[in-house]
Amino acid sequence: MSLLVLEDVAGGYPGTRVLDGVDLTVDEGRVLVLLGRNGVGKSTLVHTLMGMLHGTGSISFDGKQLLGLPTHAVARSGLALVPQGRRVFAPLTVDENLRIAAAHARDGRWTPQEIYRLFPRLEERRRNWAGQLSGGEQEMLSIGRALVTNPRLLIMDEPSDGLAPSIVNLVGDVIQSLAAEGVTVMLVEQNLALALRVADQVAVMSKGRVTFNGRPDDLRHDAARVRDLLGVG
Numbered sequence: 006m007s008l009l010v011l012e013d014v015a016g017g018y019p020g021t022r023v024l025d026g027v028d029l030t031v032d033e034g035r036v037l038v039l040l041g042r043n044g045v046g047k048s049t050l051v052h053t054l055m056g057m058l059h060g061t062g063s064i065s066f067d068g069k070q071l072l073g074l075p076t077h078a079v080a081r082s083g084l085a086l087v088p089q090g091r092r093v094f095a096p097l098t099v100d101e102n103l104r105i106a107a108a109h110a111r112d113g114r115w116t117p118q119e120i121y122r123l124f125p126r127l128e129e130r131r132r133n134w135a136g137q138l139s140g141g142e143q144e145m146l147s148i149g150r151a152l153v154t155n156p157r158l159l160i161m162d163e164p165s166d167g168l169a170p171s172i173v174n175l176v177g178d179v180i181q182s183l184a185a186e187g188v189t190v191m192l193v194e195q196n197l198a199l200a201l202r203v204a205d206q207v208a209v210m211s212k213g214r215v216t217f218n219g220r221p222d223d224l225r226h227d228a229a230r231v232r233d234l235l236g237v238g
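Last residue of the sequence shown: number 238 in the numbering used here, and the count goes up by one each step with no gaps.
For the record, the hints were derived by calculation from the structure and aren't laboratory data. Treat the numbers as computed from the prediction; the structure is a model and nothing was measured. The beta-carbon is built from N, C-alpha and C at its ideal position, and this holds for glycine as well. Among the hints, a few may not be true.
[Unchecked claim] DEER-style ranges, computed between Cβ atoms:
id: 1; residue 1: Glu101; residue 2: Asp166; range: 40 to 46 Å
id: 2; residue 1: Arg92; residue 2: Asn43; range: 34 to 40 Å
id: 3; residue 1: Val10; residue 2: Glu129; range: 40 to 46 Å
id: 4; residue 1: Gly20; residue 2: Thr116; range: 42 to 48 Å
id: 5; residue 1: Met6; residue 2: Ala108; range: 29 to 35 Å
id: 6; residue 1: Gly34; residue 2: His77; range: 35 to 41 Å
id: 7; residue 1: Pro75; residue 2: Glu12; range: 37 to 43 Å
id: 8; residue 1: Asp112; residue 2: Ser63; range: 24 to 30 Å
id: 9; residue 1: Asp28; residue 2: Arg232; range: 33 to 39 Å
id: 10; residue 1: Arg232; residue 2: His77; range: 27 to 33 Å
id: 11; residue 1: Thr116; residue 2: Glu12; range: 16 to 22 Å
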C-alpha cells in the first residue's frame with residue numbers, strides 16, 4: 006500500500022527553482038532511500054514535504070493532501086523529521102528534549118522511556134544539556150525526539166553526516182529495527198554503503214528530478230550505473 010505519493014512536485018526558494026517535477030512513492034512499512042549528489046534537491050524535497058517550503062504539484066499522505074499545509078499540521082498528520090545537522094534544543098536537557106516532543110504526540114509505543122531502552126547512552130546523559138553531547142549522541146537524541154511523536158513516516162535527512170563509523174552502523178541497526186516493526190522510513194543519504202544495507206527501495210535524484218527508482222540490488226551489483234548516477238564507485 007502506498008503511504009506517500011508525490012506527483013510532479015516542483016518548488017524551491019524565492020527566485021530559485023530547485024525541484025522540477027518530482028514523482029515518488031513510498032510504500033507503507035518499507036524503507037525508501039533517496040540518494041543524489043550535493044545540490045540536486047534532496048533536502049529541498051524534505052523541506053517541501055514538511056511544509057517548510059512552498060511547492061506545487063501533489064503530496065498525498067495516506068490519501069490526505071499535504072501540500073499547502075503548515076509544518077505543524079504536516080507533523081500532526083503523522084510525519085516526523087530527523088533533520089540534517091541534528092538541530093537538538095541545545096539549552097535543554099536530553100530528557101526535556103524528549104518530553105517536549107512527546108507532549109502532543111500521537112498514541113503509540115514510543116515514549117521517552119522507550120527511547121532510553123533504544124539508546125542506553127541517552128539515559129546515562131538524560132540530565133545533560135543537549136549542547137554538551139557528542140555528535141553521535143545528538144544524532145541519537147534527534148532520532149529519539151522524532152520517534153516519540155509516534156510517526157507513521159519517519160524522514161531522516163543525512164543522519165550519517167559527520168559521524169564515526171560505529172555510530173553510522175548503530176543508525177543502520179536502528180533503521181532496520183524500526184522497519185521490522187513496520188515503521189515506514191524515508192532516508193536521505195549520501196553514504197552508499199548505509200543506503201544499500203537498509204533500503205527496500207532506492208531512488209536517485211538529479212537536477213531536481215528522480216532519475217532512478219529501483220531495488221538496492223540494481224545498484225549493488227552495477228558499479229557503472231552507480232558511477233553514472235552518483236559519481237562514486
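A quick look at each hint next to the structure:
{"no.": "1", "hint": "Glu101 - Asp166: 40 to 46 Å", "verdict": "violated, 25 Å"}
{"no.": "2", "hint": "Arg92 - Asn43: 34 to 40 Å", "verdict": "violated, 19 Å"}
{"no.": "3", "hint": "Val10 - Glu129: 40 to 46 Å", "verdict": "holds, 41 Å"}
{"no.": "4", "hint": "Gly20 - Thr116: 42 to 48 Å", "verdict": "holds, 44 Å"}
{"no.": "5", "hint": "Met6 - Ala108: 29 to 35 Å", "verdict": "holds, 30 Å"}
{"no.": "6", "hint": "Gly34 - His77: 35 to 41 Å", "verdict": "violated, 26 Å"}
{"no.": "7", "hint": "Pro75 - Glu12: 37 to 43 Å", "verdict": "violated, 21 Å"}
{"no.": "8", "hint": "Asp112 - Ser63: 24 to 30 Å", "verdict": "holds, 28 Å"}
{"no.": "9", "hint": "Asp28 - Arg232: 33 to 39 Å", "verdict": "violated, 24 Å"}
{"no.": "10", "hint": "Arg232 - His77: 27 to 33 Å", "verdict": "violated, 42 Å"}
{"no.": "11", "hint": "Thr116 - Glu12: 16 to 22 Å", "verdict": "violated, 36 Å"}
Taken one by one, the earlier hints fail for this structure at numbers 1, 2, 6, 7, 9, 10, 11, listed in ascending order.
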